[in-house]
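Once you have looked at the hints, place chain E on chain S.
Listed in order, the protein sequences are those of chains S and E.
So for the first sequence, my numbering puts the first residue at -16; every next one is plus one.
So for the second sequence, my numbering puts the first residue at -16; every next one is plus one.
In case anyone wonders, no lab produced these hints; they're calculated from the structure.
Among the hints, a few may not be true.
It does not matter which identical chain is used: a pair holds within one copy or between any two.
In silico SDA-like cross-links for lysine to any residue, where the CA-CA straight-line distance does not exceed 25 Å [stated by the list, open to error]: (1) Lys100 <-> Pro4; (2) Lys280 <-> Leu167; (3) Lys213 <-> Thr282; (4) Lys100 <-> Ala(-6); (5) Lys280 <-> Leu268; (6) Lys296 <-> Thr115; (7) Lys296 <-> Gly240; (8) Lys(-15) <-> Ala119; (9) Lys(-15) <-> Glu40; (10) Lys(-15) <-> Ala118; (11) Lys100 <-> His7; (12) Lys213 <-> Thr115; (13) Lys296 <-> Ala285; (14) Lys213 <-> Asn5; (15) Lys100 <-> Ala49.
Chain by chain, the residues:
There are 2 protein chains.
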Amino acid sequence: MKIADIGGEFALIERLCAQAPNAHPDLLAGIGDDAAVIGGIQADGSHLLVTTDMLVENSHFRCDWATPEQIGIKSVVCNVSDIAAMGGTPTFMFVSLALAPETEVQWAESLYRGMGKACRRYGVTLAGGDTTHGAAVTISITLLGRVAPENLCLRSHARPGDFLCVTGPLGSAAAGLAMMTAGLKPPDLLKEKHLTPGCRLDVGPAIAPLAHAMIDISDGLAAEVNHICKQSGTGAAIVAADIPMHPLAFEAARMTGSDPLTFALAGGEDFELLFSIAPQDRQQLERRGIDVVTVGKVTNAAAGILIRLPDGKREKLAGGYNHFS
Amino acid sequence: MKIADIGGEFALIERLCAQAPNAHPDLLAGIGDDAAVIGGIQADGSHLLVTTDMLVENSHFRCDWATPEQIGIKSVVCNVSDIAAMGGTPTFMFVSLALAPETEVQWAESLYRGMGKACRRYGVTLAGGDTTHGAAVTISITLLGRVAPENLCLRSHARPGDFLCVTGPLGSAAAGLAMMTAGLKPPDLLKEKHLTPGCRLDVGPAIAPLAHAMIDISDGLAAEVNHICKQSGTGAAIVAADIPMHPLAFEAARMTGSDPLTFALAGGEDFELLFSIAPQDRQQLERRGIDVVTVGKVTNAAAGILIRLPDGKREKLAGGYNHFS
Chain S
-16 MKIADIGGEF
-6 ALIERLCAQA
4 PNAHPDLLAG
14 IGDDAAVIGG
24 IQADGSHLLV
34 TTDMLVENSH
44 FRCDWATPEQ
54 IGIKSVVCNV
64 SDIAAMGGTP
74 TFMFVSLALA
84 PETEVQWAES
94 LYRGMGKACR
104 RYGVTLAGGD
114 TTHGAAVTIS
124 ITLLGRVAPE
134 NLCLRSHARP
144 GDFLCVTGPL
154 GSAAAGLAMM
164 TAGLKPPDLL
174 KEKHLTPGCR
184 LDVGPAIAPL
194 AHAMIDISDG
204 LAAEVNHICK
214 QSGTGAAIVA
224 ADIPMHPLAF
234 EAARMTGSDP
244 LTFALAGGED
254 FELLFSIAPQ
264 DRQQLERRGI
274 DVVTVGKVTN
284 AAAGILIRLP
294 DGKREKLAGG
304 YNHFS
Chain E
-16 MKIADIGGEF
-6 ALIERLCAQA
4 PNAHPDLLAG
14 IGDDAAVIGG
24 IQADGSHLLV
34 TTDMLVENSH
44 FRCDWATPEQ
54 IGIKSVVCNV
64 SDIAAMGGTP
74 TFMFVSLALA
84 PETEVQWAES
94 LYRGMGKACR
104 RYGVTLAGGD
114 TTHGAAVTIS
124 ITLLGRVAPE
134 NLCLRSHARP
144 GDFLCVTGPL
154 GSAAAGLAMM
164 TAGLKPPDLL
174 KEKHLTPGCR
184 LDVGPAIAPL
194 AHAMIDISDG
204 LAAEVNHICK
214 QSGTGAAIVA
224 ADIPMHPLAF
234 EAARMTGSDP
244 LTFALAGGED
254 FELLFSIAPQ
264 DRQQLERRGI
274 DVVTVGKVTN
284 AAAGILIRLP
294 DGKREKLAGG
304 YNHFS
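So here's chain S without its partners, still in its complex pose (with noise of 0.2 Å):
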């Protein structure tokens, strides 16, 4: 059988995590979160967070549509946003970069000047890590990260009754990838989304002790509503007519003669935050003045994953970015 038949990215790590030891006390999410979660082992009593992901020349970024400081801020973006989905702040940096030979080393500085904006944008210190020679342009990226026992945000504890919430705009990536990819000059904003994301570090911990689970929306909405509900053992009803997106997004949809929703639901790399809350938990963040906008509800396993589509027929809300297909 090959990657691409397996079932996708999750079914593959499962295969694979299989064969070496994967269990120990200390670790109490491992596999399958956004980031590893040690506990146990930090002086002040917090956990200790790792995540970590790889971007690959022609896969993740483009060296003709994006400037090295654009490849390098969002290749730290998309960690920083991997520990905020959990409620924790980001710490120690770790960069490994495979490089051509003849790359220009002016090239490969301004990759680290963007990826030095990030880090000063998000507190983060570069502690390390291992250049070499490789074809394509390779960078992974592992981010340390600590969060109080208390704000642990995981993807498996959402809870029937529970709202689905996000706290931004969604698919303005994908909008802004869709006018690129089809050669049309996207406007600033969906550019900047496509290229130099932000997170919503900003955001993330102060939700995370009110959350049930938390996920960051990297590959769409409709793999990370699947990713909690498979994890939490739920279902989940959406209302795509309550998906915020951006005016832009549905311009850009036009103007390509795509689906918008497509974009918000299967379009990567927003970088917002999927959560589950109770419903009166949900006011409290109001209260605190933590914008976020509910797209739907938490339900039992048995009722499925559903979308409500704006003609008010509900479909079965499948798929996501695969990265193998």
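Below, chain E alone, put in the same frame as chain S:
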């Protein structure tokens, strides 16, 4: 300027890291040692160690020469070796992996089976990772470890008058590689040293409390002596005739028309340890039954970094394997 012209991996790393914030009061050693050392955060008073290595197909391994299981073993071993060189023990591992969609799932499972074997051998728990698609198989591993402060052994504390010692024969891996490159069938020992090396976690933590500086020999003895000297501000005098080598490595040199000394000095991936130690402490190791071989002495910086060749000539000890040459 191209990466290939900048003067090696270390010059590049220094230039890149200057672009991002890389200092923090808890970061006791960062870029430029085998692993980063983060102090003051662990409950048991130990330091957190973090090392990371990236292996790229056709640069670090060839899928037609090595089985996926062998590649998996070696990818873990080179990281455990870095932790051992700090005097530490490894704990949790994170694996990022790029694979082509047409890769057989079985191939990837065998890779992880190899990793699992090495994890079991060295007490490592697989705690997370990332899988994605790429044209070349790329394996990026981040390994955490811990070390008691009194056992921490950096590269930077060698002192003039110290002995420079190694933990075992050098050049065997390079000898095996040279025979395979020449289309010859290497004897099992050399083949194993190249394809499925072990590392010296068995002696690293025992040597560390007595040694002044330590490094693992992944890029050849010459490079590692230079790293210790550069970071300690010392010189060194190595005696070529004292470098331990297996008789089969000499035989491989004869069969491939190579200089056996080049295997030891410039051949990478023996994963033995090089360390500097006061003469009286060297004797203590012997009394504890730890077999090591003295290959030279640490000298003042002004004396330079020299090797006495078998013919009695003294030469500057330069080079080692450069990932971008």
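Right, here's what the structure says about each hint:
Taking the closest pair of Cα atoms, Lys100 and Pro4 come within 25 Å of each other only across two copies (9 Å); inside a single copy the shortest separation is 37 Å, beyond that limit. For a Cα distance limit of 25 Å, the shortest separation of Lys280 from Leu167 qualifies neither inside one copy, at 37 Å, nor across copies, at 65 Å. Taking the closest pair of Cα atoms, Lys213 and Thr282 come within 25 Å of each other only inside a single copy of the chain (12 Å); across copies the shortest separation is 62 Å, beyond that limit. Within a single copy, Lys100 and Ala(-6) get their C-alpha atoms only as close as 35 Å, which misses the 25 Å cut-off; across copies the closest is 22 Å, which meets it.
Taking identical chains as interchangeable, the C-alpha atoms of Lys280 and Leu268 lie at most 25 Å apart only when both belong to the same chain, with a minimum of 17 Å there against 65 Å between chains. Neither within a single protomer nor between protomers do Lys296 and Thr115 lie at most 25 Å apart by alpha-carbon distance, with minima of 52 Å and 34 Å respectively. Taking identical chains as interchangeable, the C-alpha atoms of Lys296 and Gly240 lie at most 25 Å apart only when both belong to the same chain, with a minimum of 22 Å there against 76 Å between chains. For a Cα distance limit of 25 Å, the shortest separation of Lys(-15) from Ala119 qualifies both inside one copy, at 22 Å, and across copies, at 16 Å.
Proximity of Lys(-15) and Glu40 under a CA criterion of 25 Å is satisfied in both settings, with 22 Å inside one chain copy and 19 Å between copies. Within a single copy, Lys(-15) and Ala118 get their C-alpha atoms as close as 23 Å, and across copies as close as 15 Å, so both meet the 25 Å cut-off. Only between protomers do Lys100 and His7 lie at most 25 Å apart by alpha-carbon distance; the minimum there is 16 Å, versus 36 Å within a single protomer. In this assembly of identical chains, Lys213 and Thr115 lie within 25 Å of each other by CA distance solely across copies; the values are 21 Å between and 38 Å within a copy.
In the homo-oligomer, the alpha carbons of Lys296 and Ala285 lie at most 25 Å apart inside one protomer (19 Å), although the nearest pairing across protomers, at 81 Å, exceeds that limit. In the homo-oligomer, the alpha carbons of Lys213 and Asn5 lie at most 25 Å apart inside one protomer (20 Å), although the nearest pairing across protomers, at 39 Å, exceeds that limit. When the C-alpha separation of Lys100 and Ala49 is checked against a cutoff of 25 Å, the pair qualifies only within one copy, where the shortest distance is 16 Å, while the shortest distance between copies is 41 Å.
Going down the numbered hints, you'll see the structure goes against 2 and 6, while the others check out.
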